[in-house]
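Participant: Fit chain C to the known structure of chain H by using the hints.
Chains as they are written, first to last, in the numbering used here: chain H, 1 to 110; chain C, 1001 to 1114.
The hints are simulated quantities; they were obtained by calculation from the structure and are not laboratory data.
The reader is advised that the hints may include incorrect statements.
Which residues of chain C face chain H? A few of them, derived with a C-beta cut under 10 angstroms, are [to be verified]:
#, residue
1, Gln-1006
2, Gln-1037
3, Phe-1064
4, Gly-1106
Partial list, derived from the structure: chain H residues whose beta carbon lies under 10 angstroms from chain C [said to hold, decoys possible]:
#, residue
5, Gln-38
6, Gln-49
7, Phe-63
8, Ala-66
9, Ala-102
10, Gly-103
Since this is a predicted model, take the numbers as computed values, not measurements.
Where a beta carbon is used, it is the ideal one built from N, C-alpha and C, also for glycine.
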Amino acid sequence: LAKTTQPISMDSYEGQEVNITCSHNNIATNDYITWYQQFPSQGPRFIIQGYKTKVTNEVASLFIPADRKSSTLSLPRVSLSDTAVYYCLVLPHNNNDMRFGAGTRLTVKP
Amino acid sequence: ETGVTQSPTHLIKTRGQQVTLRCSSQSGHNTVSWYQQALGQGPQFIFQYYREEENGRGNFPPRFSGLQFPNYSSELNVNALELDDSALYLCASSITSGRSETQYFGPGTRLLVL
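Next comes chain H alone, as it looks inside the complex (with noise of 0.2 angstroms):
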């Protein structure tokens, strides 16, 4: 299974683009990358997934290169609600392993 590294942690001021980078070398062909957030004692939400180039909903955008070996999401304009740990995760093609890493912890600052 793909191993995922992303920064601890980062910080930001409200209305700020924010974009954590996650690298996931060993990625399978048939992996999708998955990105969710979760607030201190809820469940992880899925924000957006992805398997290559770039996604967009109403919540982020997902930028994946073509060799795969990365992902970026990118947070436009983050309010004080955006705190949270994101997490990214490299999905089996079955889903049934989801290995999530320490997550990143987003800091929004007035």
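Facilitator: What follows is chain C alone, placed relative to chain H:
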């Protein structure tokens, strides 16, 4: 709101006891996964059930066991509790359809073992 519910929300047990945690999946979801999350760490995969059969297991001992019922609700049972079992236990439901599907997490059950 994901539609996934868990009970109880909090629980205190002592070493050696047994505990059963419950999860009600989102309507229409046929797959449930359980995770253990220690304080300050990411969730760790315990196991997954698909159509009432175990469909993958993480690095947890046999005293962690589970059940999935025909209505797709699920239980996590932990026997012979140890202090290190203190954690937030999360269940997540999804639809298995041959590709990586989004998992929807419940709010978790916080277990404290004394």
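Participant: Check each numbered hint against the structure and report the violated ones by number, ascending.
Facilitator: 3, 7, 8
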